[in-house]
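Please arrange chain B on chain A, whose structure you already have, making use of the hints.
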Amino acid sequence: MFLVSRRSGLAAALLAGALAIAGPAAAADATALLKAAFDNWRGKSSRATIEMTIHRPAWERGLTMQSWTEGDDKALVRFTAPAKERGNATLKLGHETWIYNPKLNQTIKLPASMLAQSWLGSDFSYNDLAKAEDILTDYTHRITGTATVDGHTAYDIEAVPKPGAPVVWGKQAVRVRDDGVMLREAFYDQDMKLVRVMTTEKIGPLGGRPYPLVLVMRPADEPGRWTRIETTSAQFDVALPASLFTRSNLENPRG
Amino acid sequence: MGGLSLLAPMAWRNLWRNPRRTWITLAVVAVGLYSILVFAALLDAWARSSRDAALDVLIGSGQVHAPRYLDDQTIAQRMAAPGARLRAVLDGPSVEGWADRVRTPAVIQSEYKTLPAELLGVRPARERAISVVPRDVSAGRYLAGDADGGIVLGAHLAKRLKTRLGKRVIVMAQDATGALAQRSFRVVGLYSASQEDEDRFAFTGIEPAQAMLGIGTDVSEISFKLADDAGAPATVAALKAAGPGLDVRPWTALAPLTAAMNSFMEAFVYIWLWIMFVLMAIGIVNTQLMAVFERVREFGLLQALGMRPRLVLAEVLLESALLIGLGVLAGAAAAVATVLAFSGGVDLHFLARGAEFFGAGHVLYPRLAPAQFAAVSALVWALGVLVALWPAGKAAGSSPAEVMSHAQ
Chain A
1 MFLVSRRSGL
11 AAALLAGALA
21 IAGPAAAADA
31 TALLKAAFDN
41 WRGKSSRATI
51 EMTIHRPAWE
61 RGLTMQSWTE
71 GDDKALVRFT
81 APAKERGNAT
91 LKLGHETWIY
101 NPKLNQTIKL
111 PASMLAQSWL
121 GSDFSYNDLA
131 KAEDILTDYT
141 HRITGTATVD
151 GHTAYDIEAV
161 PKPGAPVVWG
171 KQAVRVRDDG
181 VMLREAFYDQ
191 DMKLVRVMTT
201 EKIGPLGGRP
211 YPLVLVMRPA
221 DEPGRWTRIE
231 TTSAQFDVAL
241 PASLFTRSNL
251 ENPRG
Chain B
1 MGGLSLLAPM
11 AWRNLWRNPR
21 RTWITLAVVA
31 VGLYSILVFA
41 ALLDAWARSS
51 RDAALDVLIG
61 SGQVHAPRYL
71 DDQTIAQRMA
81 APGARLRAVL
91 DGPSVEGWAD
101 RVRTPAVIQS
111 EYKTLPAELL
121 GVRPARERAI
131 SVVPRDVSAG
141 RYLAGDADGG
151 IVLGAHLAKR
161 LKTRLGKRVI
171 VMAQDATGAL
181 AQRSFRVVGL
191 YSASQEDEDR
201 FAFTGIEPAQ
211 AMLGIGTDVS
221 EISFKLADDA
231 GAPATVAALK
241 AAGPGLDVRP
251 WTALAPLTAA
261 MNSFMEAFVY
271 IWLWIMFVLM
281 AIGIVNTQLM
291 AVFERVREFG
301 LLQALGMRPR
311 LVLAEVLLES
321 ALLIGLGVLA
331 GAAAAVATVL
341 AFSGGVDLHF
351 LARGAEFFGA
361 GHVLYPRLAP
371 AQFAAVSALV
381 WALGVLVALW
391 PAGKAAGSSP
401 AEVMSHAQ
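Protein chains in written order, with the working numbering: chain A, 1 to 255; chain B, 1 to 408.
This is chain A alone, in the form it adopts within the complex (with noise of 0.2 angstroms):
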């Protein structure tokens, strides 16, 4: 009987290693979920149109969006609509970002103490933008538990800041379906209270793959405010040129 337990623990153990090395979605790395998510969410490159609901308990507003993007550290995101945003444009390249404004006609480098600032008045900050694929490289990450949605296995992950990583968060939670599809990201204070909270409110075929079609961003300590961003149109592992990422083509616009 001993014996027997043994043999078939060692052969799932086995089965387990086996299925780690087969991809990310049949195995319960974390790491690998997770980059497994965001390459979903990117593909090497991508082109997307983007609809932006800022929504405030008084008023709601709308924006779309062009975006390309071209691994971790290149995106372009262009404003088409409304009229009085149409033209803005922000270009991030690694760690630097410029901000386009036409009625300025002036390209600006952020400077340090405006990356925290709101993103166009949305609840995401260019830090947000700039610092996204941050989970990846500055925490170290945990599975905490799996569920089943939707006939997928999603697992829950707690990622924690590395020892001296420049993050403010005290952890994030994610989930993570097993096709890549990333459900919810929570980050948390250094008290381990939630500060605001990305869930993913629709999921659809897109260029291709499964993709979080609507995502909304919720402060949680103010009800009535989130920003809803929709996923309307999308290619990816699409070729770009190489003149989309620069300062030149943020100022003026070719193709």
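It should be emphasised that the hints constitute simulated quantities derived from the structure, not laboratory data. No experiment lies behind these values; they were computed from the predicted model shown. Using N, Cα and C, we set each Cβ at its ideal position, and we do this for glycine too. Each hint should be verified, as a subset may be incorrect.
Not everything, but these chain A residues come out facing chain B in the computed CB check (under 7 angstroms) [stated by the list, open to error]: (1) Ala116; (2) Val160; (3) Gly164; (4) Pro166; (5) Val168; (6) Asp189; (7) Gln190.
Structure of chain B alone, referenced to chain A:
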């Protein structure tokens, strides 16, 4: 001398011929001088407090910077760590203490807020000799050493950041290459100072700051505190000679508003003295003129008996000198007693943060300045005697024949 031995008892007795009038004049002089002296001591305490509040945080008696630092207070305007020649002057007897620092505009980020501040990389042991910040840590601890990677924030800044002891904050600043440098610091202490300073300065060890900004062992400023402020020009000149090309300035050039406030306070004491003195003079002249007019017949008689007008003048002046002298003594004695009684400190906490608007600390320490007390008292006495020349002249100038035939 024989004249004085005759005149002094006469003057003294005349003083008490109308005690009520004498007491009133005495009171006028005493209260006037008392107000001048106490006011001067308080103003002086206020001026010192506001000066110390401004200087003892960071400025010191003077500072050394790279040439363009004061125009562009960033890490780009830095200088090498003080060399042997500069150290020789700084370690000299005229300098009580000095500290080199790294100083740069920065942004401090907590989970909830991002606020601008100035990051200072300091040497704690040196700071203790010249700054009140290490002493005014209200929670936690001050930095332990040059390599301490903790951060000490102003209590008010910490409150605004919604952070507290033991939490991490991220400091972002431009490094030597102009790129964004960021580092996580743990809050190890909170200090209390004026709200403005609390919001403005954040302290960490000099080594983590230098490492974060990529500036090797370079520093932004050297602050020094002199044993005696009077030696400032000599020390500044010596430092300029020892550090050619560096910008050496005394505190009066670094904090011109504080310097202006300081000299205004001194001038104000004398403005107040003049106002009070004019009021006192009116009282003295009025009383003495009344006394003289009452006694015209007496002066006429004295002169008729052969007293010279000069002696009449001297007699009346002596009366005034005695009268004002007594008032001055009483006023000065009361002022000394008052200042000594409050030398433990006048607590301005009832003004709360309002006192900061005038640049003062929360407790004023009036101090007895014997030279100033003596000078002001002597001045009031001398000026009092001077205005008493008028009634005295009236008395001496009366013609015996005229006044004795006149009236009664």
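Structure-based check of each hint:
no. : hint   : in the structure
1   : Ala116 : 3 angstroms, holds
2   : Val160 : 12 angstroms, violated
3   : Gly164 : 6 angstroms, holds
4   : Pro166 : 4 angstroms, holds
5   : Val168 : 5 angstroms, holds
6   : Asp189 : 4 angstroms, holds
7   : Gln190 : 5 angstroms, holds
In this structure, the one hint that does not hold is number 2.
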